[in-house]
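**Student:** Residue numbers (this note's numbering), protein chains in the order written: chain C, 959 to 1279; chain F, 494 to 751; chain L, 137 to 394.
Because the hints were derived from the structure by calculation, they are not lab data.
Think of the CB as a built atom: it goes at the ideal place given N, C-alpha and C, for glycine as much as any other residue.
Don't take each hint at face value.
Said to hold, decoys possible - Label pairs and their calculated CB-CB ranges: (1) L/329 with C/1056: 24 to 32 angstroms; (2) F/495 with L/378: 37 to 45 angstroms; (3) L/163 with C/965: 33 to 41 angstroms; (4) L/326 with F/515: 44 to 52 angstroms; (5) L/196 with C/1166: 29 to 37 angstroms.
Claimed, not checked - Partial list, derived from the structure: chain F residues whose beta carbon lies under 8 angstroms from chain L: (6) 564; (7) 572; (8) 579; (9) 587; (10) 589; (11) 603; (12) 634.
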Amino acid sequence: MPPVRTNVLALAGLVTAAFSLACALQVAMPRDERDNEPFDLMQTLLGDSRRMFANHFFVKADAYFHSGFYPTIFDNRESFETAHMASDAGVVEEKNKGDEHSFLGKPLDVFDRFSRNFFPAVHTHLDEGGAKDHDGLDGHDSGHEHKEGEHFVGDGHDHSHDEVGQGVREILPWLKMSSSLDPSRVETYTTTAYWLRSRLGKSREAEEFLREGLRRNPRDAAILFELARIFREDRKDLERARNLFEAGISSWQKTEPPKKEPNVFLLHQLMSHLAQLEEDSDNDLRAIELWEKVKLVAPDPAGPDLHLRDLREKMAKKPAK
Amino acid sequence: MATVINISDLRVEYPSRELGSKTKVAVDGLSLDVQQGQIFGFLGPNGAGKTTTMNVLLGFVEPTAGNATIFGVSVTDKSARQRLGYLPELTYYYKFLTPEELLRFYGKLFRIPKAVLEKRIDEILAMVELQDARKRQIKTFSKGMQQRAGLAQALINDPDLLILDEPTSGLDPIGRMKVRQIIQRLKNEGKTILFSSHELGEVETICDRVCIIHQGTLREMGTVQDLVARHQCNLEQVFLRVVGYEGAVPSRPGGVTV
Amino acid sequence: MNNILAVSSVVMREMYRRKDFYVLLILTVLITLILGSVNLFNDSNIVRYLKEICLLLIWISSLVIAITTSARQIPAERESRTIFPLLAKPVSRTEVLLGKFLGCWLASGIALVCFYLFFGIISAARESGWPLGSYLQAVTLHWFMLAIVIAIALLGSLVFAAPSSNNTICFIVIAGILLIGRHLHKVAVGMEQPSRGILTLLYFLLPQLGWFDVRERITHNWPPLDVGPFFLALAYALVTASVFLFAASWVFNRKRLQ
Chain C
959 MPPVRTNVLA
969 LAGLVTAAFS
979 LACALQVAMP
989 RDERDNEPFD
999 LMQTLLGDSR
1009 RMFANHFFVK
1019 ADAYFHSGFY
1029 PTIFDNRESF
1039 ETAHMASDAG
1049 VVEEKNKGDE
1059 HSFLGKPLDV
1069 FDRFSRNFFP
1079 AVHTHLDEGG
1089 AKDHDGLDGH
1099 DSGHEHKEGE
1109 HFVGDGHDHS
1119 HDEVGQGVRE
1129 ILPWLKMSSS
1139 LDPSRVETYT
1149 TTAYWLRSRL
1159 GKSREAEEFL
1169 REGLRRNPRD
1179 AAILFELARI
1189 FREDRKDLER
1199 ARNLFEAGIS
1209 SWQKTEPPKK
1219 EPNVFLLHQL
1229 MSHLAQLEED
1239 SDNDLRAIEL
1249 WEKVKLVAPD
1259 PAGPDLHLRD
1269 LREKMAKKPA
1279 K
Chain F
494 MATVINISDL
504 RVEYPSRELG
514 SKTKVAVDGL
524 SLDVQQGQIF
534 GFLGPNGAGK
544 TTTMNVLLGF
554 VEPTAGNATI
564 FGVSVTDKSA
574 RQRLGYLPEL
584 TYYYKFLTPE
594 ELLRFYGKLF
604 RIPKAVLEKR
614 IDEILAMVEL
624 QDARKRQIKT
634 FSKGMQQRAG
644 LAQALINDPD
654 LLILDEPTSG
664 LDPIGRMKVR
674 QIIQRLKNEG
684 KTILFSSHEL
694 GEVETICDRV
704 CIIHQGTLRE
714 MGTVQDLVAR
724 HQCNLEQVFL
734 RVVGYEGAVP
744 SRPGGVTV
Chain L
137 MNNILAVSSV
147 VMREMYRRKD
157 FYVLLILTVL
167 ITLILGSVNL
177 FNDSNIVRYL
187 KEICLLLIWI
197 SSLVIAITTS
207 ARQIPAERES
217 RTIFPLLAKP
227 VSRTEVLLGK
237 FLGCWLASGI
247 ALVCFYLFFG
257 IISAARESGW
267 PLGSYLQAVT
277 LHWFMLAIVI
287 AIALLGSLVF
297 AAPSSNNTIC
307 FIVIAGILLI
317 GRHLHKVAVG
327 MEQPSRGILT
337 LLYFLLPQLG
347 WFDVRERITH
357 NWPPLDVGPF
367 FLALAYALVT
377 ASVFLFAASW
387 VFNRKRLQ
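Chain C on its own, in the form it takes in the complex (with noise of 0.2 angstroms):
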């Protein structure tokens, strides 16, 4: 039997071989983008299939939302297509059909009709107080009835200081593992920075979180939108803001027309703010110029008209100069 010793000096042999090897490969590989992006634990251990389970997470996040009341693969999910946590934020348009209530039909039998008790069976949104009130069984629910155009343009009030609306802090955790995960999904950073600054009042937390996005997603329109709205819901910078709603709107003019569905949905947030932005300030002219561009990308066109004929009587009001 041969000793110990060598034994050991050949495994050592082996690994140093090894070693010298890998750092000769190493150097003659061509580099490419991702040799500069920090090591990620998650990306190395998962590979690909990371964006999977950054999809379960964003999900889940939204099934927190509704605290735990969610339809499973087996149950009819049309009406959850689009995460209600994202519409609600603005972030994206809300694309869901049928009846977000009962999604889960009529009891099949008497086991799943028993079983109802057992898990949470009433719709509730986390920002509306969530479970708190219901029993789970009865129907009852203080859900809330979003009014036309509501999941275009968030209500910009400030419900930090709403105790009903801060449970919404529980999808955090997994919007944040969500962004770890998959760092270019947008939505996650946008719906993420709406909730922290509008209901939790951490605005600073939300621009830090969308100034990450950024560095992963560079000059990413819908998260220059989000940032563009803490400097002017927030922050009350109207210039930085401006500055932000412009270069969102030249990014998405260079990255989404080539598309075959370019998202017009995010443009018309875009224009329309800015639009209310200048309007606020008092720069009618181009006010008018904006909202003239938001109806042509608007779903309903009442909406700029009226903000359109506000501006024509008000100009025509003010003395010629």
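Mind docking chains F and L on chain C? Use the hints.
**Tutor:** Just chains F and L now, kept in the frame of chain C:
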């Protein structure tokens, strides 16, 4: 004297693993009885049916035909085991228990009142010389200590009938002597003991009556003196002759069987 | 009842002398505390993700403890041959089985109390208020679900040859029932015969373990269950566990031990 064990036309069959036969007969028409106060030796070569017979008495196996009783109660009734103590050949007990806990557990199964049980535990542990190790887990015990723990659990209920399967197996001469002393002491107290052993010297020394079974049937039964006188040879030679090793023993005319 | 309680006390003693429970408890505590120390947007009041992860760990740990403890009871007794001195006492096989069940169930219950106490501390540290009613319901439902799981594992230990295969099969079946059991009928409706019939039959025959999983309600602070469904679920658990225990007793009483 009262009959403690009565076995009548006992037959036990097992499913056979051999090709061409469905069942294997382990015990075939065995009949014997054991009287109160006797030490009864249960002898036979390996595979003779001793263990199967004991398993029937202990309720581990149901007889195919025939019946067996202990103190007049059918062995299929668990109450037949109320006055029974059993020491298996291979003594393994719950390794995570101490001997004190083991005896307390078995004592509860016999519904021994708590105060009586605690006193009995002290006495038995002293008898088997395990009082110093009473709070040590059994997994730390030597083979000899495990055997003594086994003997202790067989005696916890102060049984009137003891079934001992190879009680001195694996013990050194001192251990064997101590077991023999305990058996003799129990006999003096009027207990009935059924034990199987391959140590024929031991059997000759302590047994009142013996039986020899081979291939599931009873071949000889009687007191040691009767068998020795009948066959004109010692017990070992009687054993060999009965199980068919005629060549090892010079034959004598007029051998009598049961 | 005395025999059943005596056997169960030995099972419980074994559980707290083995290391499984302590290892799982420490792992649960460590993982939960590490996850709780993560800084999430400088908000120290986020608690639901921690509750969900803690509850998931508790459920996994409790199933590991319940299944591995009960799956090894009878096979370990047979392998170590402790079943023989046990059955040589005035105790029936059914009593042994029920004692094993009760011991595993009580031991699992004590483990659950420890786990849920930790869970309660974690949630109280971040939430105002402690929904005691909901938590007590959750623990009780979880414990009664484990009765079904333990009964299944005990039956499996008598049917399957090796404890490892019993463990694997039990884990797969229980996990499958918890994940998709309540959806089987939905899936069946969309299928053609005979698959539809088979799946529907399976749906009604399999234990409805999902009724005892109220983690979503606990995590998201839904109010406690109504009394009616709560007690009906408990009764269902007892009936279902009894069915499996009856089957296990039937198999055990007919099983050859040697």
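**Student:** Going through the earlier hints one by one, which of them does the structure break, listed in rising order?
**Tutor:** Violated: hints 6 and 12.
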